[in-house]
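Going down the list, the protein sequences come from chains F and S. Last residue of the first sequence: 283 in my numbering, with the numbers rising by one and none dropped. Last residue of the second sequence: 1378 in my numbering, with the numbers rising by one and none dropped.
The hints are simulated quantities; they were obtained by calculation from the structure and are not laboratory data. Be careful, since some hints might not be right.
[To be verified] Coverage of chain F stretches by chain S, computed from C-beta distances (three or more under 8 Å per stretch; other residues unrestricted):
1. 49 to 61
2. 103 to 115
3. 155 to 167
[Unchecked claim] Keeping only pairs whose Cα atoms sit at most 20 Å apart, straight-line, the calculated EDC-like set for lysine to aspartate or glutamate is:
4. S/1279 to F/89
5. F/13 to F/66
6. F/267 to F/194
7. F/112 to F/89
8. F/150 to F/125
9. F/112 to F/125
10. F/267 to F/233
11. S/1279 to F/12
12. S/1279 to F/83
[Stated by the list, open to error] Label-pair restraints from in silico Cβ distances:
13. F/13 to S/1294: 27 to 35 Å
14. F/66 to S/1034: 56 to 64 Å
15. S/1031 to F/133: 40 to 48 Å
16. S/1293 to F/8: 25 to 33 Å
All C-beta atoms, glycine included, are put in the ideal place defined by N, C-alpha and C.
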Amino acid sequence: MIAVENLRFRYEKDAPPAVDDVDFTVERGECFGFLGPNGAGKSTTIKLLTGQLPLQGGTVRILDHDLRNPAPAYFEQIGVSFELPNIYEKFTVLENLEFYRRLYSGETRDPKELLELVGLDDAADKRGSDCSRGMLQRLVFARALIPNPKVLFLDEPTGGLDPDIALVIREAIHRELDNGVTVFLTTHNMYEADSLCDRVAFIHRGSLAAVDAPHDLKLALGERMVAVEIVEDGRSTTRELSLDDAEDRERLGRWLAEGAVVTMHTKEATLEDAFVKLVGQHL
Amino acid sequence: MLNRIWQLTRADLRHIAQSNLIWITVAMVVAGIVLGHLLGGGEVVVDEALFLHDATGDNLAAELSPGLEAEGWNEVDAGEANTRETRRFAWLEDEAAVRRAVSEVDVGFGIVIEGDAAGGYAFRHLMPDLLPETTRRLTAQTTDQWLTSLLSGGEELEEPPRKLLPGYSWSEKPTAGRVIVPMFVFGEAFIIGLWFGAVLMTGERSRGTIDALRASPAGMGEILTAKALALSIFVLAEAFVTTVGVWGLFPGLGLAMVSAVLLCLFAAGLAFLLSGFFKSLTGFILTGALVTFGISLPVSSLFVPSFPEFAYLPTYPILRLVREAFFPTGQADVLWINLGIAVAVTAVTLIFGGWVFRRRLWGVSLGIGNGQGKEALR
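Working from the sequences, and respecting the hints, build out all of it.
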C-alpha cells in the first residue's frame, strides 16, 4: 500500500536534512503512526507522501503510484487532514465540503453525512470564521473523508483539542479503519498513537529510530515495574520493583505473603518512555 | 479538468467579491464614468479633432522651407515631439493615412497639428485641398495662434516654433477629458490583476488552503489558471461597465476590453510571482505599492511628455493598445505589433510568476528571502 525507501529531503542546500534516509512500509488497512517531537520531520514526511513537496531522493510508491510524478488519479484516492484548520472562513461549513467535493471526478461521500459523522450537522450553515477551533478541526477531518479515500493521511488530527472533541475524531478514525482504510498518522501524542496505531515509527531529527507495534516497543524499550505501597514498621511507604529483577520479585512475593501490601500498580513503560530511552529526548 | 478549473474559478470569484478591496474598484469605475462624462464629453471639441504628426519635422522643414531652418526650426526636439505624438492619429508623411483619417473624423471641429510646426507647413504644401475646411475652426481648437497663422496664410514667423512647444498644453480641459477614462480603465485592470491577484494568492497561503488544494486532484496549473480566469472575468466585467458607462465618447471599446484583460493578466503574473515571497497581504503592501508605481509610469505619457525609456517597461505596449483603443490611429502595424508584444509579455509573466510561486511554495530556495521550508523546519 505504502512503500518508502531511502526518502530524503532538505529545504535548503546547506541545511540539515529534514528527512534523512527513511524506509518503511504500510500494509492495507493498517494504522501507521509517526511519532516524534516538533521539528522531527513528521510534517515534512506527510507532505512528501501527499505530493505537496517534491521528492528529492528515494522512492515512494503509494497505491501503485510513483510519487516522483504523481498523477491526478492518486489524489482521487487519498484524503489529507492538516494540523492547522485550513478552510475558507467566508464559506459555510457545508460550502467548504461541497467546494472540495466538486474537485473530485470519482465517487465522493455526502458532505452532510460527514458532518453528522463528526458531530457538525448542526453547524452546517455556520461560516468558517464563526467556528471554534474544535469545530474547524473536525471540519478539516471531514474534508479529508470527502473522496472516500483508500489512504488517509492525518497530521496531528487531535493536536490542541479538548479531550471530548479529540475522542470524536479518534472514534471516526476507528470507523475508517474498520472499513479497511489505511491510515498514516503523525502525532506527538503517545496515548493517541498507542490507542490507534497498529505500528508506530519513532522519528528523530529526520531519521527513523524504531518501527514496531506499540506494545512491542514498550516491551522492548521499557522496564517492567510495579509500584507497591506497603506498611513497614507502622509507616506507609511506596517502593518501585522491577519484574525483571530476581531480588525484587522475591521481595514482592514476601510482602504479599506477609499481607504488607496496601496498594499495587503495574508501571508498564509508555511509548514516551520507550522514545526517551531510544533517542534521549522527550516527545 | 475543465470542470475543476471552473469550480476553482467560481470560488475565486467569490473571494474577490467578498474582499474589502472590491469597493476601491467600484469607486474607480464610478469615478471613471463620471469624470469621463464631465471632462471627456459635451463641449470637448478636441475629442473630435484630428491630430497630425510629423515625425521628421526637421527634415521636412529643411526640405520645404530652407528659410525656416535658418530660423532655428531644426532645433526643435524631435525626440520629445515624437514621444508626445505617438499617441496621435496620423503621420504626415503618409498622405494616404492622413486623408483616410480626415475622412473618418468629423473635421468640422478642426485639425490640430502637433509637434514642431514644420508639420503644419508640410501639411499645407502636401495636402492643400484639405486646408479650407479645417482652418475655419482651427483657431478655436488650439492656443497656438502661430500655427493658425501659418496654416491660414503662411504669414511671417514672429518667433521660433520650438518656443511654442509648451503651448501645446496637455492639461487643458479637453485633453484631460480624453485621457481620464483610459487612465481609469488602465488603473482598474492593473489593480484588479495585482492586488486581487495578491488577495487570492496570499489568501490561499495565509489560510493554508493552498495545501488542501494541492492535496486534491487539482494541479497547480489548474489552480493558477482558475485564478487568472477569475481575474479576467472580473476585469472584463469592470471594463465593460466602464466602457458602457462612457458609450459614445470613445471608439474601439472592444480593444479596450482586450487591453484591460491583458494588463490584468500581466499584473496577475506579477502577483503570482510576488505572492511566493509573502504569506499575507499586509506583507505584500509595500512591495505591491512600489511595483504599482513603477509599472504604471507609462500612464503618465497620457498626460505629459514622458521619457522614451518608459517604452522599455513591460506595460508600455499594453498602454499603446489602450491608446489605440480610445484614440485609434488606424495603423495596423501599431496595433498588431503591440498586441503581439503585450500577449507575449503577459504569457511569460504569468508562466514565470506561477513557476516562482510553486517553487516558493515547495520551500525550495531561489536564494531570496525565507521560504515556507524554513517555516516548516521550525
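So, going through the hints one by one against the coordinates:
1. 49 to 61: Three-residue rule met by the region 49 to 61 of chain F, so holds; n is 5.
2. 103 to 115: Per the Cβ count (3), the hint holds.
3. 155 to 167: violated (count 0)
4. S/1279 to F/89: holds, 17 Å
5. F/13 to F/66: Answer violated: residue 13 of chain F to residue 66 of chain F is near 24 Å, above 20 Å.
6. F/267 to F/194: Holds: residue 267 of chain F and residue 194 of chain F sit about 16 Å apart, inside 20 Å.
7. F/112 to F/89: holds, 18 Å
8. F/150 to F/125: violated, 29 Å
9. F/112 to F/125: Since the Cα atoms of residue 112 of chain F and residue 125 of chain F sit roughly 11 Å apart, the hinted pair holds (cutoff 20 Å).
10. F/267 to F/233: Answer violated: residue 267 of chain F to residue 233 of chain F is near 25 Å, above 20 Å.
11. S/1279 to F/12: holds, 19 Å
12. S/1279 to F/83: holds, 18 Å
13. F/13 to S/1294: 27 to 35 Å: holds, 32 Å
14. F/66 to S/1034: 56 to 64 Å: holds, 60 Å
15. S/1031 to F/133: 40 to 48 Å: Since residue 1031 of chain S and residue 133 of chain F have Cβ atoms about 43 Å apart, the given range 40 to 48 Å holds.
16. S/1293 to F/8: 25 to 33 Å: violated, 44 Å
Hints 3, 5, 8, 10 and 16 from the list above are not met by this structure, while the remaining hints are.
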